[in-house]
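Novice: The whole structure should be built from the sequences, with the hints applied where relevant.
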Amino acid sequence: MSKNLVELVRRTHAVRAPTALEVLKAAIDDHGEITDDDRRAASAASGLPEAAVYGVSTFYDDLLVARGERHVRVCTGTACFAATGDAHVDELRDALGLALGQRRADGSLSLGETVCLGFCHSSPAVRDGDVVDAGADVIERVLAGATRAAPEPDWVSALPRPVLTEPGDWSGLERALAEHTPESLLEEVRAATVRGRGGAGFPAGDKWGFARASPGAQKFIVANGDEGDPGSYIDKYLMERNPALVLEGMALAGYAVGADHGFVLCRSEYPLSKPSLEAAVDEARAAGLLGEDIRGSGFSFDITILEGAGSYVVGEETALLACVEGLRGTVSARPPFPAQSGLYGLPTVVNNTETLANIPFVAREGAQAYRDLSPGATPGSKLVCFNERFARPGVYEVRFGTPIRELCDELAGGMRDGHQLRAMQIGGPLAGILPGSLIDTRFDLDDLVAVGCMVGHGGIVAFDERTDMRALARHLLHFGTSESCGKCFPCRIGLRRAYEMFSGPEPVDRTRLEELLEALELGSLCAHGGGMPAPIRSLLTHFADELGLRA
Amino acid sequence: MKVTIDGHDVEVEAGATVLEAVRAAGGWVPTLCFDERQAPFGACRVCLVGAAGARGPIPACTTPCRDGLEIDTADERARRVAKAVVELVLSELPVPPAPHTELATVARSLGVEDVRWPGATHRVDHDERHPYLAFQHELCISCGRCVRACDEVQGAFALTATGRGFTANVTAGLDAGFRDSTCVSCGACADTCPTDAITEITLL
Numbered sequence: 000m001s002k003n004l005v006e007l008v009r010r011t012h013a014v015r016a017p018t019a020l021e022v023l024k025a026a027i028d029d030h031g032e033i034t035d036d037d038r039r040a041a042s043a044a045s046g047l048p049e050a051a052v053y054g055v056s057t058f059y060d061d062l063l064v065a066r067g068e069r070h071v072r073v074c075t076g077t078a079c080f081a082a083t084g085d086a087h088v089d090e091l092r093d094a095l096g097l098a099l100g101q102r103r104a105d106g107s108l109s110l111g112e113t114v115c116l117g118f119c120h121s122s123p124a125v126r127d128g129d130v131v132d133a134g135a136d137v138i139e140r141v142l143a144g145a146t147r148a149a150p151e152p153d154w155v156s157a158l159p160r161p162v163l164t165e166p167g168d169w170s171g172l173e174r175a176l177a178e179h180t181p182e183s184l185l186e187e188v189r190a191a192t193v194r195g196r197g198g199a200g201f202p203a204g205d206k207w208g209f210a211r212a213s214p215g216a217q218k219f220i221v222a223n224g225d226e227g228d229p230g231s232y233i234d235k236y237l238m239e240r241n242p243a244l245v246l247e248g249m250a251l252a253g254y255a256v257g258a259d260h261g262f263v264l265c266r267s268e269y270p271l272s273k274p275s276l277e278a279a280v281d282e283a284r285a286a287g288l289l290g291e292d293i294r295g296s297g298f299s300f301d302i303t304i305l306e307g308a309g310s311y312v313v314g315e316e317t318a319l320l321a322c323v324e325g326l327r328g329t330v331s332a333r334p335p336f337p338a339q340s341g342l343y344g345l346p347t348v349v350n351n352t353e354t355l356a357n358i359p360f361v362a363r364e365g366a367q368a369y370r371d372l373s374p375g376a377t378p379g380s381k382l383v384c385f386n387e388r389f390a391r392p393g394v395y396e397v398r399f400g401t402p403i404r405e406l407c408d409e410l411a412g413g414m415r416d417g418h419q420l421r422a423m424q425i426g427g428p429l430a431g432i433l434p435g436s437l438i439d440t441r442f443d444l445d446d447l448v449a450v451g452c453m454v455g456h457g458g459i460v461a462f463d464e465r466t467d468m469r470a471l472a473r474h475l476l477h478f479g480t481s482e483s484c485g486k487c488f489p490c491r492i493g494l495r496r497a498y499e500m501f502s503g504p505e506p507v508d509r510t511r512l513e514e515l516l517e518a519l520e521l522g523s524l525c526a527h528g529g530g531m532p533a534p535i536r537s538l539l540t541h542f543a544d545e546l547g548l549r550a
Numbered sequence: 000m001k002v003t004i005d006g007h008d009v010e011v012e013a014g015a016t017v018l019e020a021v022r023a024a025g026g027w028v029p030t031l032c033f034d035e036r037q038a039p040f041g042a043c044r045v046c047l048v049g050a051a052g053a054r055g056p057i058p059a060c061t062t063p064c065r066d067g068l069e070i071d072t073a074d075e076r077a078r079r080v081a082k083a084v085v086e087l088v089l090s091e092l093p094v095p096p097a098p099h100t101e102l103a104t105v106a107r108s109l110g111v112e113d114v115r116w117p118g119a120t121h122r123v124d125h126d127e128r129h130p131y132l133a134f135q136h137e138l139c140i141s142c143g144r145c146v147r148a149c150d151e152v153q154g155a156f157a158l159t160a161t162g163r164g165f166t167a168n169v170t171a172g173l174d175a176g177f178r179d180s181t182c183v184s185c186g187a188c189a190d191t192c193p194t195d196a197i198t199e200i201t202l203l
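Here the protein sequences come in this chain order: A and B. Residues in the first sequence are numbered consecutively from 0, following numbering that gives the first Met the number 0. Residues in the second sequence are numbered consecutively from 0, following numbering that gives the first Met the number 0.
Careful, some of the hints might be misleading.
[Claimed, not checked] Just the calculated beta-carbon pair ranges, DEER-fashion:
#, chain 1, residue 1, chain 2, residue 2, range
1, A, Pro159, B, Asp5, 56 to 62 Å
2, A, Ala94, B, Glu35, 54 to 60 Å
3, A, Ala212, B, Trp27, 48 to 54 Å
Simulated from the structure, these hints should not be mistaken for laboratory data. From the three backbone atoms N, C-alpha and C, an ideal C-beta is built for every residue, glycine too.
Specialist: Written out as structure tokens, the structure is:
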């Protein structure tokens, strides 16, 4: 990332100006498209040069499609694919007579694509303006102009005493301020072994320790709420149903690390997240739990809520920080790590929202109680969510180490309507695919890695007997190539070529495919290009005869 | 600190990158997005090398040295991936790069002969509105060198990366050509371009 551009933004940010991305988002929300005047205004307001603003305006999905008076976005996430094989997309496109990304000449209607709306429990899903509707009859309602907000199931904790699904009450922060020094809180989090919940599983205490040890008077906490995994709506529930718990976790991180400001970057695909987080910030400020000199402790901490604009790779931490700064959401090589040089070049902790939601329990109950939540497995509890192919889809809080069969059958009720489970993708698009035959694997970090899969962020997408495995490979690679940030060459070109191999009628040359997967795995700059081969490798291992490979 | 490059020991300053150490040892690894006048970018992945104890190849340009590091510039997997990446890069161009360009030179050095990837190529788009600078967008490989030259060397900020994924490219100003941008016609972009996507128009 350009140090000069970051410095230009930082100088302007010091007077609380909006970022270029915020100005561009407001422009397209206001008048449906982005003009050069909007770009000039964004440049003037943010301090970014005009060319750099132009670059931002061509990067994010939300800024690319000119909107009609009515703007309909169809979800093309993996849960929607599992539900219909993408028939819902074809049906909507044909009935409206619009291609994806097209606006009617009279400006009355436009059709866009979005991945994913987080209504994977009721796929397929469609967003009509800011209303997200979902379910088997959703296309009929869209065509009749009768969309309604789809209901979302309650979340359920399988723990005797819920940790993540109980409303946050800030008692962890109160206790930490009364009984912990920043150093002792950091030690408690280290002792608890809180593993990052965004997918990589990095110990949060170590990350905090690096940021605390980095020199600098100003440090930041950034909550990664950019839950882009298709099929996952865990952070959505946290940000919309329990935002106080996430904010409390951020304040605790700030106390331990020596940061006085935090940012949450939530997703524009979840229109309810930002208002919910902002209301929780207001409430906490009014209660004296955010702001100056919290509870007379001398510790000050405040939080700003920002929203992305449609990009999967922005979930990667360096791209996330670029998005917070209002720049193109491309990945930067590490080192330096954000803990040394993050937001505006200053030491920054980037934690997933669910990781942060674990911290209040550690602060309140201590490391040992936290480790006891999942005996003999990764400490703490985990939120998982299930797609619409299950009988009782929803978000569940579970113990690490639970057999996947128990999660699927006892919590989610098995497959719906007598369908047969063929395979599952657990943990997002960069995770391997678990065939139904391995359902007795334990749900834990090492156990899933041993079978070529991962816990990832905890979304569980089941595919039933109707799924065309070659179409699944094409679906995943379409996502991969569409979401590549375009920075590193293997991902930018390689994912396009992999998608092309599966998109025509020709048989796939397995040797060439495996050469390509190796280049992606070993050559890519971040986990997007490096991880997209994982599900393709699983399909090659378990479903080779269904992929249309060259004999 | 001391690092070992292909069996030869070399002393480097703290903070030196593996690429700097390789060069200090008189070795060579191919690069496409690297320009020693600019901060390392880490985009092309052509400078991958083997490192003892590492799980896989590491990019030489963005990896800092640590004492005792052992580097193998001929590591088989690293060279195989670099070659595959250069073949991918050639496959996105509608025409082969001119033989004198850095891209063509690197392709020859890695032994990339055939491009076996059919599929999409960049759309031919020539911008010749500026009197001295011509831009053939279809030859752009998004290495970012021109954008960084304009930012880090010249400070004109006239160029930007555009789009994303396979459609990524570069443009000047608000995509209205060099002339209607903050370009000062210094030519640093053309000088660093490894494919001749940006060239200086010579009148002589």
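Novice: The structure should be examined with respect to each hint, and the outcome stated for every one.
Specialist: Taking the hints in turn, this is what the structure says about them:
no. : hint                               : result
1   : Pro159(A) <-> Asp5(B): 56 to 62 Å  : holds (60 Å)
2   : Ala94(A) <-> Glu35(B): 54 to 60 Å  : holds (57 Å)
3   : Ala212(A) <-> Trp27(B): 48 to 54 Å : violated (37 Å)
Violation of the numbered hints given earlier is confined to hint 3; every other hint is satisfied by the structure.
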